[in-house]
Every structure is written in C-alpha cells, then in structure tokens.
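J.: This is what each chain is made of:
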Amino acid sequence: MLTITKKTENETITFTLEGRLDTSTATDLENEIKDSLSGINELIFDFEKLDYISSSGLRVLLLAQKIMLKQGNMRIINVNDDVKEIFELTGFSDIMDIK
Amino acid sequence: MKSKYETDVALITVTTTEFRAVTHFHEWKAKTFPSDEQIYDTATFERDGKQYSLVHAKASEMGMTAATALTMKLIYTFRPRYIIMVGIAAGVVQSEYEEQMYGDVIIPDVVWNYSAGKFVSPEKANIVYGNLGFLPRSSSEGIPEQILPYLRQAAESPDAPGHVYIGPMACGSTVVASRELIEKQIYTQYRHTAGLDMESYAVVYAANHASDPKPIPIIVKSVCDFADYEKSDDYQRFAAYSSCEFAKYLYEKILPLED
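From first to last, the protein sequence lines are chains A and B. Per our numbering, the very first residue in the first sequence carries number 1; after that it's consecutive. Per our numbering, the very first residue in the second sequence carries number 1; after that it's consecutive.
Rather than coming from a laboratory, the hints here were simulated on the basis of the structure. Keep in mind that the hints are not guaranteed to be accurate.
[To be verified] Computed cross-link-like contacts, DSSO-like style, restricted to lysine-lysine with a CA-CA straight-line distance of at most 27 Å: (1) K184(B) x K4(B); (2) K70(A) x K231(B); (3) K231(B) x K73(B); (4) K184(B) x K214(B); (5) K184(B) x K231(B); (6) K84(A) x K29(B); (7) K34(A) x K49(A); (8) K84(A) x K31(B); (9) K50(B) x K29(B); (10) K66(A) x K231(B).
[Stated by the list, open to error] Far from chain A, some chain B residues (derived; all Cβ distances over 12 Å): (11) M101; (12) I147; (13) P213.
This structure is a prediction, so every number in the text was calculated from the model and none was measured. C-beta: ideal position from N, C-alpha, C; glycine also.
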C-alpha cells in the first residue's frame with residue numbers, strides 16, 4: 001500500500017510517499033511522475049513515511065532521474081535507516097542526491 | 001521417500017559485488033571441506049512452514065572456466081535441486097516497445113556462446129573487424145523445458161520484484177564495451193538476445209551434462225550497463241541486488257521444491 005501526496009510550487013514538485021514502494025505500487029508512482037513533470041525543474045521525493053523500497057521502486061527513481069537530468073534536479077529527503085541501507089547496498093547513495 | 005537431492009538451491013556468483021548482494025538476503029554460515037580451497041556458505045529459507053536448504057559459492061575469477069569448475073563442485077558436493085547463477089550482465093534488448101533499464105532482470109531460456117569461432121582473412125567471412133574476419137561457431141544450451149513455465153509465471157506475476165525479460169543470453173570470454181560487436185556478432189546470430197555475460201553458458205552446460213541427479217540450472221542476471229562506450233561500474237551494485245531479490249522470489253515463492 002502506498003499513499004502519494006503531490007505538492008507543486010512554481011517549478012518545484014514534491015512527492016511525499018507513505019507506505020511501501022514495491023512492485024504493486026511502483027506503477028502508480030511512475031504514472032504520477034510521468035503526468036506531472038512538464039515544466040518542472042526541481043523534483044523532490046520526501047521519504048519520511050516510506051517504510052520500504054524494492055527494486056521496482058528503485059527503477060521508478062531511475063526513470064525520474066533520467067527525465068530530470070534533461071530539465072533540472074532531483075533529490076530525495078528524510079530517508080529512514082532501512083531505506084538508507086537499501087540505497088547504500090544498491091549504490092543509489094552514490095548516484096542520487098539523497099539526504 | 002528421501003529426495004535424490006541433498007540441497008534445495010545452490011547460488012553461484014562471480015564478482016565481489018554479487019557476493020555482497022547475496023549475503024544481504026540470508027544469514028549465512030561458512031562451510032569448508034579438507035583438501036578443497038573453496039569456501040561455501042549455507043543458509044535456510046522457509047516456505048509454507050517448512051525449512052529448505054541453500055548453499056552459495058563465489059567463483060575465483062570471471063569467465064567460463066572458473067564458472068564451470070565451481071558449478072561442478074557445487075553439483076557433486078551438495079547435489080542441489082536448482083543451481084541459480086545471480087549477478088550482473090549487459091543489457092542488449094532491441095525493442096521498439098520499451099526501454100531496458102539498469103536493474104532490469106534477464107532470465108534466459110537459452111544461453112549461447114558467441115565467442116567460439118575462427119579468425120580468418122576478411123574476405124572469407126561475413127563478420128569483419130578491420131583486417132580480421134570472424135567465422136562464428138556458436139553453441140547453445142537450453143534451460144530445461146519443465147521449468148520454463150514457472151519462470152514465465154514469475155516474470156509476469158504482479159508480485160514479482162523487478163522488471164523481467166525472458167530471452168537468449170549471449171556468453172563470451174571478454175568484457176564488451178563495443179556496440180560494433182553486438183551488431184555484428186550477437187544480433188546476426190540471435191536477434192532477440194536480451195543480455196550479455198561471461199559465465200552463464202558454463203553454468204548451464206555443466207548442469208545439463210552432470211550425472212544424475214542433475215540440477216536444474218537457472219540464470220538470473222540484471223542489467224548493469226549496455227555494453228557500449230558509456231559502460232561504467234555505477235550500477236553494478238543495483239544490478240546485483242535486483243538479481244538476488246528476484247532469485248529469492250523465485251525459490252521462496254515459485255519454484256517446485258518437492259519431488
């Protein structure tokens with residue numbers, strides 16, 4: 001189960017995720033992202049309430065980063081220890097802006 | 001009735017990155033044997049309230065020779081039902097429908113050795129590299145038919161972690177960072193090749209030609225680069241992780257584990 005909250009301020013968009021970003025929820029996030037990034041130059045993911053991320057979720061982050069590399073920046077904030085461990089194990093902590 | 005197999009699943013890796021990814025997913029205990037320099041790690045997993053056995057070993061070097069030797073040792077020492085190679089591969093899917101991404105899983109239904117052949121003068125061959133012609137003598141091994149429906153089921157399942165391609169895996173002796181080789185030597189022989197690696201053919205060949213009870217070989221590798229000039233190591237940890245995650249899903253949820 002994943003709750004996605006979207007907030008747009010000028011050319012910045014923030015997605016706040018609550019729950020699990022896995023195979024069953026990744027497509028929902030991917031569709032939201034694809035529908036929302038036109039004219040955006042800063043994309044922020046707030047992971048404060050995200051409990052878990054799987055490879056499917058990581059794939060969505062890669063897709064988002066691919067789009068934002070052409071038009072601006074992307075960063076991930078408020079990552080908890082469990083998700084941080086996944087980012088370190090997978091090397092995402094080296095290839096993305098994560099706090 | 002006692003099973004003819006002594007271990008349920010054997011996992012085989014090659015690089016340190018792949019080894020570290022495997023260690024994340026289970027609590028492993030090291031196991032050694034006198035007069036065998038190889039270190040094996042054992043663990044268990046649970047399905048439907050029952051415990052099943054795992055063993056994992058890492059090859060001493062990249063390439064088909066070391067992979068063959070280790071596969072044979074795993075087979076004859078542990079008699080596994082399945083031998084699953086996990087790890088990283090180059091993605092080479094040609095598709096007008098979707099783009100292959102880092103971390104996407106490749107499960108071959110056939111593995112083939114593209115590097116076998118003969119170098120000749122260029123006028124004698126259709127594949128030419130500068131002043132050298134290449135006459136391919138490729139060979140292939142199939143993943144056992146009886147397991148393919150399970151692999152397809154896993155690939156299509158909404159619960160499966162990761163994005164999965166099922167298709168041929170090309171296996172060769174060298175690291176490839178050239179689209180020229182892909183275009184001339186890979187697509188011309190198996191147009192739908194999904195990935196490129198350096199060991200899968202060895203593992204499948206060794207399993208298919210082992211004495212009974214043969215294990216069923218499965219390859220689960222994830223895309224870490226696209227075998228071109230942009231090749232880098234940046235996504236190897238992610239690819240290793242996603243392949244292990246999918247392999248775990250396979251043996252914990254999908255593969256038949258009883259006779």
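J.: Could you run down the list of hints and mark each one as holding or not?
T.: The hints, checked one at a time:
Of the pairs offered as hints, the one joining K184(B) and K4(B) is violated, with about 45 Å between alpha carbons and a cut-off of 27 Å exceeded. With a C-alpha separation of about 20 Å, the suggested pair K70(A) and K231(B) falls inside the 27 Å cut-off, and the hint holds. The suggested pairing of K231(B) with K73(B) is violated, with an alpha-carbon distance near 33 Å, which exceeds 27 Å. Under the criterion of a C-alpha separation no larger than 27 Å, the hint pairing K184(B) with K214(B) is inconsistent with the structure, at around 35 Å.
At roughly 19 Å between alpha-carbon atoms, K184(B) and K231(B) fall within 27 Å of each other, so this suggested pair holds. The straight-line distance between the Cα atoms of K84(A) and K29(B) is roughly 26 Å, inside the 27 Å bound, and the hint therefore holds. About 22 Å separates the Cα atoms of K34(A) and K49(A), which keeps this hinted pair within 27 Å; it holds. With a C-alpha separation of about 31 Å, the suggested pair K84(A) and K31(B) falls outside the 27 Å cut-off, and the hint is violated.
Proposed proximity of K50(B) and K29(B) is supported: the alpha carbons are some 19 Å apart, at most 27 Å. Proximity of K66(A) to K231(B) is assessed by CA-CA distance (about 16 Å); at most 27 Å being required, the pair is judged to hold. Not every Cβ of chain A is farther than 12 Å from the Cβ of M101(B); the closest lies at roughly 6 Å, contradicting the non-interface assignment. The beta carbon of I147(B) sits about 22 Å from the closest Cβ of chain A, which is more than 12 Å, so the claim that it is off the interface holds.
Against the 12 Å criterion, P213(B) stays outside the reach of chain A, whose nearest CB is about 32 Å from its own CB.
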